[in-house]
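There are 2 protein chains.
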Amino acid sequence: AMRDAVRDALAEGPLRGRHVLVTSGPTHEPIDPVRYIANRSSGRQGHAIAAALARLGARVTLVSGPVAVPDPAGVQVVRVETAREMLQACEAALPADGAICAAAVADWRVAREAGQKLKKEPGAGAPVLEMALNPDILATLSAHGRRPRLVVGFAAETERVVEHAQAKLARKGCDWIVANDVSGDVMGGTENAVHLVSAAGVEDWPRMPKQEVAARLAQRVAEALA
Amino acid sequence: AMRDAVRDALAEGPLRGRHVLVTSGPTHEPIDPVRYIANRSSGRQGHAIAAALARLGARVTLVSGPVAVPDPAGVQVVRVETAREMLQACEAALPADGAICAAAVADWRVAREAGQKLKKEPGAGAPVLEMALNPDILATLSAHGRRPRLVVGFAAETERVVEHAQAKLARKGCDWIVANDVSGDVMGGTENAVHLVSAAGVEDWPRMPKQEVAARLAQRVAEALA
Chain B
1 AMRDAVRDAL
11 AEGPLRGRHV
21 LVTSGPTHEP
31 IDPVRYIANR
41 SSGRQGHAIA
51 AALARLGARV
61 TLVSGPVAVP
71 DPAGVQVVRV
81 ETAREMLQAC
91 EAALPADGAI
101 CAAAVADWRV
111 AREAGQKLKK
121 EPGAGAPVLE
131 MALNPDILAT
141 LSAHGRRPRL
151 VVGFAAETER
161 VVEHAQAKLA
171 RKGCDWIVAN
181 DVSGDVMGGT
191 ENAVHLVSAA
201 GVEDWPRMPK
211 QEVAARLAQR
221 VAEALA
Chain Y
227 AMRDAVRDAL
237 AEGPLRGRHV
247 LVTSGPTHEP
257 IDPVRYIANR
267 SSGRQGHAIA
277 AALARLGARV
287 TLVSGPVAVP
297 DPAGVQVVRV
307 ETAREMLQAC
317 EAALPADGAI
327 CAAAVADWRV
337 AREAGQKLKK
347 EPGAGAPVLE
357 MALNPDILAT
367 LSAHGRRPRL
377 VVGFAAETER
387 VVEHAQAKLA
397 RKGCDWIVAN
407 DVSGDVMGGT
417 ENAVHLVSAA
427 GVEDWPRMPK
437 QEVAARLAQR
447 VAEALA
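Going down the list, the protein sequences come from chains B and Y. Letter by letter, the first sequence follows residues 1 to 226 in the working numbering. Letter by letter, the second sequence follows residues 227 to 452 in the working numbering.
Wrong hints could be hidden among the right ones.
Said to hold, decoys possible - Here are the computed lysine-lysine pairs in the PhoX-like style, where the Cα-Cα straight-line distance is at most 25 Å:
id: 1; chain 1: B; residue 1: Lys-168; chain 2: B; residue 2: Lys-210
id: 2; chain 1: B; residue 1: Lys-117; chain 2: Y; residue 2: Lys-436
id: 3; chain 1: B; residue 1: Lys-210; chain 2: Y; residue 2: Lys-343
id: 4; chain 1: B; residue 1: Lys-120; chain 2: Y; residue 2: Lys-394
id: 5; chain 1: Y; residue 1: Lys-394; chain 2: B; residue 2: Lys-168
What the hints contain is simulated information worked out from the structure, not anything from laboratory work. Predicted, not measured: the structure shown is a model, and the values here were computed from it.
All chains should be built: construct the whole structure from the sequences, respecting the hints.
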C-alpha cells in the first residue's frame, strides 16, 4: 500500500491515482500432469493495454495466463495458469477503478483432472473428456460487491461478431465489449480490427496494430474514469 | 539431394554420411479454431539431440511441433502442429539411418474438430470431448518398409518408469527407449534423469543437463550406426 501510494504520487497522466486491473493471455486447463487444454491467445493485446494504461499514469495489476511476451514496464504482473486461479487473482486485486478483461479464459475445464498421466492401453478405445463449466470472470467482476466502475470484456468470435458481442454485453453485465473476428490470424498476430460495443452503440475501429488498439482503448478508459 | 551430397562431403565426425531423423516438442491437437490440446514438452531435449547429432557429422532432419526454443544450427527443421502432420513429415524424410522420436506426440486428438468456435450457450451444460486415437509414429517407423536401422523412442512417465518403458519397447518394436520420470519439473526444465532401455538391459544415467543427455545419446547412436 505504501509502495502504491508512492507510485501514485509520482505518476503523471489522466489515470494518475486510478487502479486498473487487466487480464491477458490464455488459461491452461490441465487434463493430467502433462496434458492440458490451451487456446491461441498470445497475450499481445492484453499486455499492450496494460502498458498503455500505465503510460497514462494508472497503477496497473496485470493478471496473465502463460504467455511468451515480456512483462510490460511499470506494471505489477500476477501469473496464473487456470481460469480458477485467474478469478482468484482478480478478486485479490480489488478494489479497482476499472477492469479490462482481455484474457481468453477457457470456458470449460476438464471435469476430473487425472493425478497420473493418462495411459494409452493397447486395445483400449480413446478416452472421453467430460468438461465442466469454469467460473465466468467477466460476469463475476460485473456483479461484484466491489465492482470496478468500468468493466470491459473482450469477445473473440469467428462469426456474427457484433451480434454475439451485443448479446455478451447484456448477458455479462459489463460496460463495454471489445469484439474481434479471430477467424483469420488475429490470435497470435500483431494487428487487430475491433468493434467497441456498449449500450451507446457500436464503433467499428479500422484494422491497426495491437499497440494502437491499446492506446486508443486506454484513452477511452481515461475519459470514462475522469 | 545435391545439397545433401555437398553437406555430407563437407561434414566431419563419426556420423558423416548418415541421415538421422529427430522429432521434438509437443503436438497441438485442435478442438476448434481457437482451442487445442497441448502438452508440457518444451522441445529442449529433442532439439539438443538434433544439435548433438549434427555436431557428430550427421545430416539431421528435425520434425518439430510448436516450440519456443530456437532452431539448432546445421539442422533441417520441418515445423508441424498435429500428430498426423508429424507422421507425414517423418515419412517424407525417409530414408534415414536412424530415427530418434523425442517428441511428446499426443496419443489422442479430438474426434470431431469444430469448424467454428464452440460457444458457451447460457443454460447449456459443458461439452463432452470425444477423443480419437492418433497415429503411432514410433510404431509406424519401427514397422516401416523403409525402417531406419536404429529406431529410438522416448517414454515420459509419472510412475513405474522402467517397467512402462520395457513394455513400450516390446509393443512398439523399436530398438531403444529413453525413459524419464516427468512427475517433477523435467518437462519444460533444463535437466533430465533418464534410463536407456534396450533388449540388452537397462542403463540408469545420472541426472544431468539435457545437453549432456543429448551428447551421450548422440555418441551411442554413432556407435550403433558405425
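Going down the list of hints, with the structure as the test:
no.: 1; hint: Lys-168(B) - Lys-210(B); result: 22 Å, holds
no.: 2; hint: Lys-117(B) - Lys-436(Y); result: 22 Å, holds
no.: 3; hint: Lys-210(B) - Lys-343(Y); result: 22 Å, holds
no.: 4; hint: Lys-120(B) - Lys-394(Y); result: 11 Å, holds
no.: 5; hint: Lys-394(Y) - Lys-168(B); result: 49 Å, violated
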